[in-house]
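Please model the complete structure; the sequences and the hints are all you need to start from.
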Amino acid sequence: MFIGKDSLIINNINMGKYITEATYGFYDTWSSDTGFNTLSGNFVGTFKGTYPKITIKFAKSLSIDDFKMLTNSIFRTTTQTIIYDDPSGERKTIQTHKGDLAIRFSGINKKDGFSYDFVGNKPL
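If you want my numbering, it's the position in the sequence shown, counting the first as 1, plus 57.
Certain hints may be false.
DSSO-like mimics (lysine-lysine), calculated; alpha carbons at most 27 Å apart, straight line [said to hold, decoys possible]:
{"hint": "1", "residue 1": "LYS114", "residue 2": "LYS62"}
{"hint": "2", "residue 1": "LYS62", "residue 2": "LYS74"}
{"hint": "3", "residue 1": "LYS167", "residue 2": "LYS117"}
{"hint": "4", "residue 1": "LYS168", "residue 2": "LYS62"}
{"hint": "5", "residue 1": "LYS117", "residue 2": "LYS168"}
{"hint": "6", "residue 1": "LYS125", "residue 2": "LYS114"}
{"hint": "7", "residue 1": "LYS155", "residue 2": "LYS179"}
{"hint": "8", "residue 1": "LYS114", "residue 2": "LYS155"}
{"hint": "9", "residue 1": "LYS114", "residue 2": "LYS179"}
{"hint": "10", "residue 1": "LYS114", "residue 2": "LYS168"}
{"hint": "11", "residue 1": "LYS62", "residue 2": "LYS117"}
{"hint": "12", "residue 1": "LYS110", "residue 2": "LYS62"}
{"hint": "13", "residue 1": "LYS155", "residue 2": "LYS125"}
{"hint": "14", "residue 1": "LYS168", "residue 2": "LYS110"}
{"hint": "15", "residue 1": "LYS168", "residue 2": "LYS125"}
{"hint": "16", "residue 1": "LYS168", "residue 2": "LYS155"}
{"hint": "17", "residue 1": "LYS62", "residue 2": "LYS149"}
{"hint": "18", "residue 1": "LYS74", "residue 2": "LYS167"}
{"hint": "19", "residue 1": "LYS105", "residue 2": "LYS155"}
Treat the hints as calculated values from the structure; they're not laboratory data.
In structure tokens form, the structure reads like this:
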């Protein structure tokens, strides 16, 4: 949860001054044998785990120098180390994999805010 100035750190960079919002998702993954048993009507299957996904919206006011620094330190790295405050009340450290980056420029040095997804490599 984004509850304090040090609540979200990616590759040793505190995100507090760069972002406008953070969405924390927790997605359950099941094996291919999962579903409702048509004879009994019961749900069956093998639970594989809950994978975290953190979507961050970066501010429109992000300077070009900040954008370059974040690109080299986070967006162009294949994995990221994220420290965050989990809704369980614990501080967690996870490894995530690279997301896709798209940013719209509407003129010279004029860009919009943009979002970036970080998806956990392992279940919580």
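* **Hints breached by this structure** => Going through the list in order, the structure violates no hint and respects every one.
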